Structures are given as structure tokens and as C-alpha cells.
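Number of protein chains: 2
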Amino acid sequence: MTLINGFQINTSLIDQLTLELEEIVVVFDHQLRGEHDAINELCGRIEEYRGKMLRPTLVLLSGLVVPGGCLNNGHRVAAAVVEMIHMATLVHDDVLDEAEVRRRGRTINGLHGNEMAVMLGDYLISNAFHLCSTLGKPWVSLELGLITNTLCEGELIQLFNRNNTKLDQETYMTIVEKKTASLIGASCRLGSLLSGAEEMDAGRLGRFGMKAGVAFQITDDVLDLTGEQDVVGKSVGRDLDKGKLTLPMILGLRNATPETRESIIRMIGSRDLVGLRGLLKEVGGVQEALVMASNLVSEAKGELEYLPESPAKDMLCTLADGILDRKF
Amino acid sequence: MTLINGFQINTSLIDQLTLELEEIVVVFDHQLRGEHDAINELCGRIEEYRGKMLRPTLVLLSGLVVPGGCLNNGHRVAAAVVEMIHMATLVHDDVLDEAEVRRRGRTINGLHGNEMAVMLGDYLISNAFHLCSTLGKPWVSLELGLITNTLCEGELIQLFNRNNTKLDQETYMTIVEKKTASLIGASCRLGSLLSGAEEMDAGRLGRFGMKAGVAFQITDDVLDLTGEQDVVGKSVGRDLDKGKLTLPMILGLRNATPETRESIIRMIGSRDLVGLRGLLKEVGGVQEALVMASNLVSEAKGELEYLPESPAKDMLCTLADGILDRKF
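Protein chains in written order, with numbering that gives the first Met the number 0: chain A, 0 to 327; chain B, 0 to 327.
Bear in mind the hints are in silico, worked out from the structure with no lab data behind them. Remember, predicted model here, so these are calculated numbers, not experimental data. Treat each hint with caution, since some may be false.
Here are the simulated distance ranges between beta carbons [to be verified]:
no.	chain 1	residue 1	chain 2	residue 2	range
1	B	G283	A	G268	52 to 62 Å
2	B	E227	A	G33	49 to 59 Å
3	B	R49	A	D324	13 to 23 Å
4	A	Y305	B	C69	25 to 35 Å
5	A	G112	B	E227	27 to 37 Å
6	A	R32	B	E197	39 to 49 Å
7	B	E40	A	G268	20 to 30 Å
8	A	E169	B	E40	18 to 28 Å
In silico contact screen, one side only, chain A against chain B (beta carbon under 7 Å); selected entries [as the list claims (entries may be wrong)]:
no.	residue
9	V24
10	V25
11	V26
12	Q30
13	D36
14	I38
15	G67
16	C69
17	N72
18	M118
19	S125
20	N148
21	L155
22	N162
23	M266
24	I267
The calculated DSS-like cross-link candidates involving lysine-lysine, where the alpha carbons are at most 30 Å apart (straight line), are [what the hints assert, rightly or not]:
no.	chain 1	residue 1	chain 2	residue 2
25	A	K241	B	K280
26	A	K136	B	K136
27	A	K136	A	K51
28	B	K280	B	K241
29	A	K241	A	K165
30	A	K51	A	K312
The beta-carbon is built from N, C-alpha and C at its ideal position, and this holds for glycine as well.
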């Protein structure tokens with residue numbers, strides 16, 4: 000293991016990523032740390048929201064995968080920024096969804112009420128933009144500003160369509176591309192650009208992230224419908240509780256006979272998770288959604304075809320495949 | 000009335016400000032306008048939150064008041080940005096406070112529920128940062144990012160001190176400086192800097208805004224305690240409802256005999272607005288708070304002493320004096 004300019008080289012990719020992710024957590028925590036103990040303590044609770052650090056990992060791998068790609072401090076900062084934006088959405092999502100269990104811990108909401116969750120989410124968003132501004136690369140702020148606009152649009156369109164059992168696949172895709180895939184795509188795109196990638200390669204990485212992101216949301220929707228709370232580690236059936244129509248429901252409604260369609264709509268109305276599961280498996284909504292996720296993963300990997308072979312490329316493909324094997 | 004490069008000159012200051020504020024509303028609305036009708040419609044409702052456009056007015060006046068100060072497009076963009084940030088805080092404040100009446104209209108919350116208010120506030124924050132990034136002046140993003148961090152800190156510290164009848168004047172001042180005065184000070188400071196002000200003059204404008212901002216919050220607190228809902232145009236007694244100790248209460252508790260102090264604490268606990276009003280007037284909490292506001296306004300105007308005389312300077316002083324005459 001050799002450290003040059005603070006970056007580890009000549010070691011395996013996994014080791015490198017592990018070290019980099021640790022550094023990103025340091026940047027993340029340092030940004031939020033201030034003079035007020037109570038705020039510091041509250042921010043300490045955010046760690047409970049931290050999952051697999053998917054988005055920072057994608058920033059790093061996308062920085063490495065492009066020809067001549069090396070990691071620099073910009074990757075660390077951008078990775079901390081996208082993770083901070085993501086966590087802000089999780090914290091505000093708890094206000095939205097009144098979820099009581101997330102990542103096997105109590106939510107900020109559950110601990111401190113809606114108002115604290117709103118303010119903590121705002122604090123994260125604000126710090127994300129501030130941290131981004133410290134990069135001294137205005138184009139990053141501009142791109143991320145557009146992405147967070149898009150993300151909020153996705154959430155708003157989803158809210159407008161609550162309890163809309165006529166939601167079509169096209170609108171569902173718009174919602175998912177905006178609220179989930181946009182930030183994942185941006186993580187990949189920015190990671191590559193911070194390594195000096197050509198626009199063509201940045202576009203490939205961006206599309207890789209977008210497609211993988213949609214697949215990720217589809218499997219998330221399936222898990223929320225069919226998963227067991229103990230395994231998934233957060234509340235299941237939340238989409239149904241909140242009247243969010245997800246892809247398996249949309250496809251199931253489309254496939255079903257008029258009679259079964261009526262039953263599905265009735266079960267959505269009465270929030271009957273167990274009954275809905277059964278019917279959607281029967282009419283093939285779940286299976287068809289998973290096939291679509293699988294196709295998207297193939298398309299995502301196809302975007303990387305013209306990039307040189309490397310351990311980073313292998314790992315991006317492995318991560319994409321992993322979306323289909325998710326149990327949580 | 001003459002227009003040169005889109006800016007009106009050789010006309011009275013009021014006319015110039017009126018035209019500029021109209022332009023700022025255009026920038027504001029254009030930034031939020033997108034391809035989704037439902038989002039556009041929701042953003043149309045934000046106008047109900049628009050008040051006196053104090054912060055944009057301060058950006059403009061601060062741009063004019065410094066030696067050689069002229070307005071440029073940067074002022075319009077920055078003014079729209081600070082107004083958007085302010086409106087985001089109002090929208091999220093409705094989640095926080097469950098207020099039912101604001102500016103004589105129904106709140107976003109009342110219309111669409113907590114979740115819509117959270118997402119709309121996020122949409123405003125995101126668009127504010129994005130619009131700021133389009134300025135091409137990274138230092139503005141950096142300064143505003145710090146200010147919004149500070150603003151959130153103020154709101155969080157206030158939340159931590161809910162129902163704390165031992166809240167001291169120093170902590171109250173920290174909260175008010177952070178949550179209210181910081182953005183007002185930044186509006187003045189940025190306005191001057193966008194006109195190419197020297198750092199010394201920008202500092203004066205920033206301190207003018209900070210001091211006027213604290214005075215503004217104090218009179219706001221007094222109005223919430225002593226005002227009539229019909230005149231104030233929004234719910235009164237909201238601070239008490241939410242267990243927010245404000246300056247008249249803090250000063251009243253300090254001035255009171257032990258016996259009266261017990262009564263005040265009891266009335267705060269039972270949310271007895273009418274009883275509390277009476278006692279605080281008796282022990283002088285309200286009057287003393289207003290004297291402090293008056294002193295702050297004098298100090299604020301003192302900051303402008305070394306700036307050349309101009310209609311803009313006169314108007315800044317008039318606005319500061321107006322804080323003390325507020326009835327709404």
C-alpha cells in the first residue's frame with residue numbers, strides 16, 4: 000500500500016474504494032460539524048440513514064473508469080455532496096411518508112417530530128450546496144442545481160398522482176427518472192468529468208447511471224411490495240400506504256381481466272398488502288417489472304461497452320447486476 | 000422616463016424600484032416555470048406568500064447606495080434568489096408551525112398537506128441555488144450557501160429550545176441573528192458587492208441589514224404577542240402556541256417578581272395569550288423589547304453614516320425607521 004498525495008495507489012480496487020469512502024465520510028462529517036453541540040448531536044443521528052454509499056461509490060468508480068481516470072479531491076467533495084443530497088431526501092421522505100422504521104433504526108421524524116426532520120433536511124440541502132460551492136468549479140454547482148430541481152419535480156409529480164389508479168407507465172417512468180435516476184446518473188457523470196472525461200464518455204456514464212437508477216427504483220418498488228420487513232430493514236408496504244402506484248401495480252392493472260382489475264383497485268383502496276401481493280403475482284405484474292429491470296441493467300452495462308477494460312468497469316457491471324439480486 | 004440597457008434612469012427612485020421589482024418577479028417566475036402544468040400551478044400559489052419584497056428591495060437599494068453604485072442583471076438575479084430562499088422558509092415554516100392563516104390566505108400546507116409543503120419548499124431552495132449558479136459568480140453561491148447554513152442553524156436552535164422557559168437573551172439573539180437577520184444582512188451585503196462596493200462599505204451594509212433584521216424580528220415577536228389577527232394578516236399567538244419564547248417574554252420573566260414570574264410561566268404553559276399579554280405589559284417586557292428594537296434601528300442607520308447622501312440612503316433609513324411603526 001503506497002500513499003502519494005494522499006491517494007492510495009498500487010493496491011486493489013476494493014481497498015482503494017474503502018479508503019476513499021472513509022475519506023468521504025470525513026469530508027461529510029466535517030462539513031456538518033459546527034459550534035452548536037445540539038446540532039452536532041442531531042447530525043450524528045444522520046449516520047443511521049447511511050446505507051451502502053452507492054452514490055459516492057459511483058462517483059469514484061466513474062472517475063476511475065474513463066481513459067486515464069485518476070481520483071482527486073474533487074471526487075471526494077462531489078461524492079460527499081451527492082450523499083448529502085440523498086440523505087436530505089431520506090430525511091424529508093420520512094416527513095412525507097411517516098415511516099417508522101428505516102434502516103432498522105428509528106427515524107429522525109420518530110425521534111424528534113416532523114418539524115425537526117424538515118429543518119434537518121434543509122440543513123443537509125444547504126450544506127450540500129455550500130460544500131459544492133467550495134469546489135471552485137461553478138459548472139458542478141450548475142449541474143447539481145439542475146439535478147435537484149429535477150429530483151423535486153419527480154417528488155411533486157408523484158405527490159400529484161397519489162391514489163391515481165390510472166397512473167400510466169410513461170408517467171411512472173418520468174417520476175422514477177426524475178426522483179431517483181437523475182441523481183444516480185449525475186453521480187456517474189460528475190465522477191467522470193472530474194477525471195477530465197470527454198463529453199462522450201461522460202454521456203455514457205450518465206446514461207449508465209440513469210438506466211441503472213431506474214432499475215434500482217423498480218426493484219425497490221418490488222421489494223416494498225413483496226419483501227419481508229425483517230429482511231428489507233425498513234417498513235414495507237409504504238408505497239401502498241401512501242397511495243403510490245408502482246410499476247408492478249401498473250403492469251398488473253394493465254394485464255388483468257376487467258374483473259381482476261376491479262379487485263386490484265379495491266385492494267389498493269383498502270391498503271390490503273397481502274391480497275395485492277397475491278393478485279399481482281398471479282397476473283404477472285411483479286415478474287414483468289423484474290424483466291424490465293433486468294433489461295435496463297443490460298442496457299446500462301451496454302453503455303460501458305466502449306470504455307477500456309479495467310477493474311473499475313468490472314465493478315460497475317457487478318454493481319449493476321447486483322440491483323437484480325437485491326433482497327434489501 | 001428613459002430606458003438604457005433595460006435599466007431606467009433619470010426618474011425617481013420609487014419608480015425605478017417599482018420597475019426593478021417587477022423584473023425580479025419575472026426572473027423569479029421564469030426560474031420556477033417548467034414543463035409540468037401541475038407544478039406551475041402549485042408555484043402560482045406561492046404568490047400568496049409574497050409580501051413586501053423587503054429582501055429584494057434591500058438588494059437593490061444596497062446596490063445603489065454605495066459610491067458609483069449602478070444596478071445590473073446580477074442584482075435582479077440575486078434579489079430573486081434571496082426572495083426564493085425567504086419564501087422557502089415561509090413554506091417550510093407552515094409545516095413547522097401548522098399555521099392556518101398567513102397573509103390573509105390559506106397556506107400551502109392547508110391546501111395540500113404537509114408533504115406538498117415540504118416538497119414545494121425543497122423545490123424553492125433547489126431553484127434558488129440553481130438560479131444563483133447561473134450568475135457565473137461562484138463567490139455569491141459560496142456566501143449564500145453559508146447564509147442558508149446559518150439560517151437552518153437558527154431554526155434548529157430555536158426548535159431545541161422549544162418550551163424552554165429558561166431561554167436567555169443571549170441565546171434568543173443568536174437564534175434571531177441566524178434565522179432572520181443573516182439573510183437580510185446578506186441581501187444588503189450582496190447588493191453592494193454586485194455594484195462593486197469596497198469590502199468596507201459591503202461590511203457596513205451587511206451590519207445595517209443584520210441590525211435592522213434583528214429589530215424586524217423583535218417587532219415581529221411583539222406583534223405576534225400583542226397584535227390583532229385582523230390587522231396583522233396572519234395568525235397571532237403562534238410563537239406561544241409553539242412554545243417559542245420571544246424577547247418580550249424573556250425580558251418579562253427577568254423583570255418580574257418571583258411570584259409574577261411563576262404566573263408568566265404558568266400562562267406560557269397553558270398558552271394563555273390574553274393573560275400573558277396583560278402581565279408582560281405590566282412588567283414592561285413588551286416596552287423594553289421595543290426600546291431594544293429602537294436602539295438597533297439607530298445603530299443600523301449609524302452604519303450608513305459614512306456613505307454619501309443619496310435618495311437610496313434616505314430610503315434605507317426610512318425602511319429602518321418603518322420597522323418601529325409596524326402594525327403588520
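Results for each hint:
1. For the pair B:G283 and A:G268, the beta carbons lie near 60 Å from each other, so the given range of 52 to 62 Å is met.
2. For the pair B:E227 and A:G33, the supplied restraint of 49 to 59 Å is violated, since their beta-carbon distance comes to about 39 Å.
3. With their beta carbons about 51 Å apart, B:R49 and A:D324 fall outside the hinted range of 13 to 23 Å.
4. The given range of 25 to 35 Å is broken by A:Y305 and B:C69, whose C-beta atoms sit roughly 52 Å from each other.
5. For A:G112 and B:E227, the hinted distance range of 27 to 37 Å is satisfied, since their beta carbons lie about 30 Å from each other.
6. The hinted range of 39 to 49 Å is not satisfied by A:R32 and B:E197, whose Cβ atoms lie roughly 33 Å apart.
7. In this structure, B:E40 and A:G268 meet the distance hint of 20 to 30 Å, their C-beta atoms being roughly 26 Å apart.
8. Evaluation of the 18 to 28 Å hint for A:E169 and B:E40 yields a pass: the beta carbon distance comes to about 21 Å.
9. A cut of 7 Å between beta carbons decides the hint on A:V24: the least distance to chain B is about 19 Å, and the hint is violated.
10. Evaluation of the A:V25 hint against chain B yields a violated restraint, the C-beta minimum of about 19 Å exceeding 7 Å.
11. At a threshold of 7 Å, the smallest CB-CB gap from A:V26 to chain B is about 15 Å, leaving the interface hint violated.
12. Evaluation of the A:Q30 hint against chain B yields a violated restraint, the C-beta minimum of about 9 Å exceeding 7 Å.
13. The beta carbon of A:D36 is not positioned within 7 Å of any beta carbon in chain B (closest approach about 10 Å), and the interface hint is therefore violated.
14. Annotation: A:I38 was flagged as interfacial toward chain B, and the flag holds, the nearest CB pair being 5 Å apart, inside 7 Å.
15. Among the interface hints, the one on A:G67 is violated; its C-beta lies about 27 Å from the nearest C-beta in chain B, farther than the 7 Å criterion.
16. Hint status for A:C69: violated, given a least beta-carbon distance of 24 Å to chain B, over 7 Å.
17. Interface hint status for A:N72: violated, as the beta-carbon distance to the closest one in chain B is roughly 17 Å, over 7 Å.
18. Interface restraint check for A:M118: the shortest CB-CB distance to chain B comes to about 5 Å, inside 7 Å, so the restraint holds.
19. A distance limit of 7 Å between C-beta atoms decides the matter here; for A:S125 the minimum to chain B is near 4 Å, and the interface restraint holds.
20. The beta carbon of A:N148 comes within 5 Å of a beta carbon in chain B, closer than 7 Å, and the hint placing it at the interface holds.
21. Interface restraint check: A:L155 against chain B, minimum CB-CB distance 5 Å, threshold 7 Å, status holds.
22. Here the hint on A:N162 is broken, as its CB sits about 12 Å from the closest CB of chain B, past 7 Å.
23. Because the beta carbon of A:M266 sits about 23 Å from the nearest beta carbon in chain B, more than 7 Å, this interface hint is broken.
24. Because the closest C-beta pair between A:I267 and chain B is about 19 Å apart, greater than 7 Å, the hint is violated.
25. Between A:K241 and B:K280 the alpha-carbon distance is near 48 Å, which puts this suggested pair outside the 30 Å criterion.
26. With a CA separation close to 11 Å, the supplied pair A:K136 and B:K136 stays within the 30 Å bound.
27. A distance of roughly 27 Å separates the Cα atoms of A:K136 and A:K51; the hinted pair therefore holds under the 30 Å criterion.
28. Between B:K280 and B:K241 the CA atoms are separated by roughly 21 Å; this keeps the pair inside 30 Å, and the hint holds.
29. Among the hinted pairs, A:K241 with A:K165 is consistent with the structure: their alpha-carbon atoms are about 16 Å apart, no more than 30 Å.
30. Note on A:K51 and A:K312: the hinted pairing holds, with a Cα-Cα distance of about 19 Å set against a maximum of 30 Å.
Checked against the numbered hints above, the structure breaks hints 2, 3, 4, 6, 9, 10, 11, 12, 13, 15, 16, 17, 22, 23, 24 and 25 and satisfies the rest.
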